[in-house]
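Q: Each chain is listed here by its residues.
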Amino acid sequence: MKRNIAMVALPAAAAAAAALLADDFVLRFLAEILLFGIAVMSLDILIGFGGLMSLGHAALFGGAAYAAAIAARQWGGDVALVLGSGIATGMVLAALMGVVVLRSGHLFLLILTLLMGQMVWEVAFHWREVTGGADGLRGLPALSLGPWTLSTARALFLLAALLAAVAFVVGRSFVAAPIGRALVGTREEPIRMAALGYSLFAVRFRALVLAGALAGAAGALFPFVNLYVGPQSVHWTQSAAMVIMLVIGGIGSLWGAFIGSAVYLGIQTYLSAYTDRWQLCVGLVFVLTVLLLPNGIASGLRILRDRLRRRGA
Amino acid sequence: MTAILELRGVGKRFGAFSALRDVAFDVGERETVGLIGPNGAGKTTLFNVITGFLRPDEGSIRLAGQSIDGMAPAQRVARGLARTFQTAMVFPGLTARENIAMAVRQHAGDGLRWFGGARAASAAAEIAVRLLGDAGLAHRAETPLRDMSHGERRIVDALMSLALSPRLLLLDEPTAGLTRAESDRLLGILRRNHADTALLLVAHDIDIVFGHCDRVVVMELGRVIGSGTPAEVREDAEVRRAYLGSTGG
Ligand SMILES: Nc1ncnc2c1ncn2[C@@H]1O[C@H](COP(=O)(O)OP(=O)(O)OP(=O)(O)O)[C@@H](O)[C@H]1O
Ligand SMILES: [Mg+2]
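Keeping their order, the protein sequence lines are chains A and B. Per the UniProt record's numbering, residue 1 is the first one in the first sequence, and the count goes up by one each step. Per the UniProt record's numbering, residue 1 is the first one in the second sequence, and the count goes up by one each step.
Pulled out of the complex, with its shape left as it was, chain A reads as follows:
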């Protein structure tokens, strides 16, 4: 019980403090971390819990970002419309991906998700009239929630924080439920799962569609935080970046996704001001994590917490 209160109170207090103290640039940056964190967390459900390695996750996130931006330009920035179109797009793309890739072995899974992702990129890059082609889409209307306009960095940050909290609760409830345990079963011993009467496809398809919904929700807000969406957001290198964030943060922990996205985007944002070689730094952090903390920073923090507790007791 005490732990549950702390789990709600700590992030809520951190979000409130950030909203009060941070400047606009930092707030937008934090919102971006949270949105990528949600997408990486949904990728963790696939990779960490299902053992389903995907290199096409940015297509779900970025595809939803385009859909939300296009819908907002057409019909205005109502939050429900924006989130709804992003979630729907993420789910539809994930379902299409699932039908194509989930019957194949694991090496093909990697390549097929990559190819599917690149097909989305092709559409984003070449369908100029709708997606703006290489220039992407700018000049989006402000988000609105009923009578309120959510255009300030603070409002966008709080919206992203709320979405992250909801997404985290949804993700946790999924992995704790029978369907999430079945997903772990398909990772541990798929043949046994089939012999117990589970349809591997049904289990994995559900996980993929859920991941699409979460990544889609995060992607929907991204253009409004970033004030822009371009083809880079659906490119396979963006998918690879999400996998790197996941490994740094910690596969299989859900909340590690947010740490991984903070570390990666922190290096990208603050180091790229000084050097073009920020990716070298990401690589270094990646290698160090893999060598020193094979289960990511999340596992390191967990070990630290247990030590402190033991000392306290």
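What the hints contain is simulated information worked out from the structure, not anything from laboratory work. Please read all numbers here as calculations on a predicted model, not as lab measurements. Don't take every hint at face value.
Partner residues aside, some chain B positions facing chain A, computed with beta carbon under 8 Å [to be verified]:
(1) A74
(2) Q106
(3) D110
(4) W114
(5) I225
C-beta atoms are modelled at their ideal positions from N, C-alpha and C, and glycine is treated no differently.
We have chain A already, so just place chain B with the ligands on it with the hints.
A: Okay, now just chain B with the ligands, sitting in the frame of chain A:
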């Protein structure tokens, strides 16, 4: 006697090699049938064909009077067919309780549940703990399978299949690598729980097969070369030559 399983003319080739040729026999409801034969006789291949993990090249298979040809493994399980594997096939990273609960939930139709899943999960966990308790493994409920002994893993493996309350359970050498005491315990658990379940049991240990089975089917080189009660099979000249003779029986 009504048959739960009917095999007719089942054949399976791997390239030019015939692993199964014209296999035909029945297993009756609630019957315990032993399946014996030397290494490479095709026993495991036959299990894979019956359970849908391999597609036969010829023949037909009926379960409880209905054809199951072409069905996926999961569909066959839904019709009451369960199996174990020659090497214990469990979820090594999950606890014994969670291993069995995975089977219980699927059997209860809650395997893919999300909403309202907490109640289904705790009900399944309760049943799993009870099954473990019946098998004398209550104290191991929270132990991950990778930390359990070979014998304990075999018992959990069998309990997973029993949790499906199958009408027919195929057991591929469930006692291999177990001590005598462990084998007896495992067979005791199966016997106690299989009042309504027919068993098709592969075992190399002749004492186990002749001691526990109502009927015995003997295979060699992909073919059935004899079948009958344990006493009849013991007297069969061809069986003696092919199998029992070679083990000194
Ligand atoms: N997937 C496969 N591809 C090619 N040959 C196979 C395959 N599976 C089995 N075989 C061959 O089919 C024959 C029967 O094998 P199977 O495993 O069914 O025998 P078994 O009776 O279970 O033997 P054991 O007592 O050693 O378990 C063997 O000669 C084996 O090498
Ligand atoms: Mg075998």
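Q: The structure should be examined with respect to each hint, and the outcome stated for every one.
A: Quick rundown of the hints versus the structure:
no. : hint : in the structure
1   : A74  : holds (5 Å)
2   : Q106 : holds (5 Å)
3   : D110 : holds (5 Å)
4   : W114 : holds (5 Å)
5   : I225 : violated (28 Å)
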